[in-house]
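Novice: Here's the letter readout for the chains.
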Amino acid sequence: MIKVLFFASLRERLGVDKIEFIVDTPLSVMDLRLAIIKQHPAWESELTKKNLLIAVNKEQSHIESLIHTGDEVAFFPPVTGG
Amino acid sequence: MIKVLFFASLRERLGVDKIEFIVDTPLSVMDLRLAIIKQHPAWESELTKKNLLIAVNKEQSHIESLIHTGDEVAFFPPVTGG
Amino acid sequence: MNLSLSIQADDFNLQDEYQRLLESDNLSGAIVTFVGRVRDLSVDKKIAGLFLEYYPGMTEKALDNILQEAAKRFRINAARIIHRVGQLNGLDQIVFVGVTSVHREDAFAAAEFIMDYLKNQAPFWKKEITESGDSWVETKDKDKKLFERWGEK
Amino acid sequence: MNLSLSIQADDFNLQDEYQRLLESDNLSGAIVTFVGRVRDLSVDKKIAGLFLEYYPGMTEKALDNILQEAAKRFRINAARIIHRVGQLNGLDQIVFVGVTSVHREDAFAAAEFIMDYLKNQAPFWKKEITESGDSWVETKDKDKKLFERWGEK
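Residue numbers (my numbering), protein chains in the order written: chain R, 549 to 630; chain Z, 549 to 630; chain A, 949 to 1101; chain D, 949 to 1101.
Read the hints as simulated data drawn from the structure, not as lab findings.
Keep in mind that a hint or two might mislead.
[Unchecked claim] Derived DSS-like pairs: lysine-lysine, alpha-carbon spacing no greater than 27 Å straight-line: (1) A:Lys1075 with A:Lys1009; (2) A:Lys1075 with R:Lys606; (3) D:Lys1020 with A:Lys1092; (4) D:Lys994 with Z:Lys606; (5) R:Lys551 with A:Lys1009.
Build the full structure now, drawing on both the sequences and the hints.
Specialist: Structural data, given as structure tokens:
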């Protein structure tokens, strides 16, 4: 099982902050995203936005990063702190 | 009359913080220095040190700056504030 | 090396943070602080306030990474980051960075480096709360440029 | 533009100076402060303290010139310099620079510029007081280099 988190504007647009996703691992973030979109076709435009950032286990990651069972993956828009 | 001030290590080495000097004006700081040395030969090595700084009327100046009666001239070593 | 960070809803006091930085530091002759404030929202009557969201766990990690990276790049003795989250009003303090060093050029560079990285790398998101609904603040390209000047290392 | 300076024997409080800088400033979201401290003299048992001499009238002019020049070069809203004179002990605060701006890069640059110029252009002289007599502190070449990076304008 993979925990998938959404933050900020993305969280609001999807209307959910967290989903739990059962999928064969290991797989890349890109494959995970494809699997999520398959299950939630309405999310496609949000989850394929170019400027979306990715974290795996709370470390900034890439669309090619490998994910294993038990990992926490997060998608979020560009940061605007300070 | 020209007021001449000395600061910090220079003041201590000369043993005086201020002299008043009567001299024909206008003249350059270099000429003033020559006149001072003529009157105080023991000060020559101190007053001709390469790193000595010069102010005329409380503004940083140069050895070529022109001085007029009533001006205040200061000689001092490199600054070490902050 | 005294590196610390806090993500908090509460306000902070510059003097307290300054003293904390120097608490056990007899080496540093140079102390640089940066405080960021929310801009004056009263000029834009529609905005009632800000809301800061973060990613618990990851945001702390990101701030700690920034501090570690600053400590690697610059000769510093202590550094601290405070970032506020939750509801904020116009002119509220939102971020603090403090750095101590023997060398003033390192204190300045490290503080600026931390701010540039924080603006680009730390998961915080700002939302403007208005009568007609909320709107998320977009990233500024300017911050990206300021970030990129530090290069990879 | 709120530019101010003080040459004083008394100590200063960072929080007070920070609040004074922001007193009538609703524009600035970026506030950078620098505090310089006397180094820890207790490690060198011979040094009992420092004495700071200045040139009344000229030193104020020099600090004001530095502030005016900073205001010309950078987009800032307020800047303040405090420099202490007279007898100082180890770890005493000796100099404060504070700058406010809309832009954090200008606040950082102006504060650093002011310090580099101050170290090179402001008539202050530091003397170390020791049991075997006093000795004047020599200029550091490093400060000259930091100063020169700003170039003429």
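Novice: It remains to establish, for every hint, whether it holds in the given structure.
Specialist: For each hint, the structure was consulted:
1. A:Lys1075 with A:Lys1009: Within the cut-off at roughly 22 Å; holds.
2. A:Lys1075 with R:Lys606: Measuring from Cα to Cα gives roughly 22 Å; hence the hint holds.
3. D:Lys1020 with A:Lys1092: holds (26 Å)
4. D:Lys994 with Z:Lys606: violated (35 Å)
5. R:Lys551 with A:Lys1009: holds (18 Å)
In terms of the numbered hints stated before, the structure departs from hint 4 and from no other.
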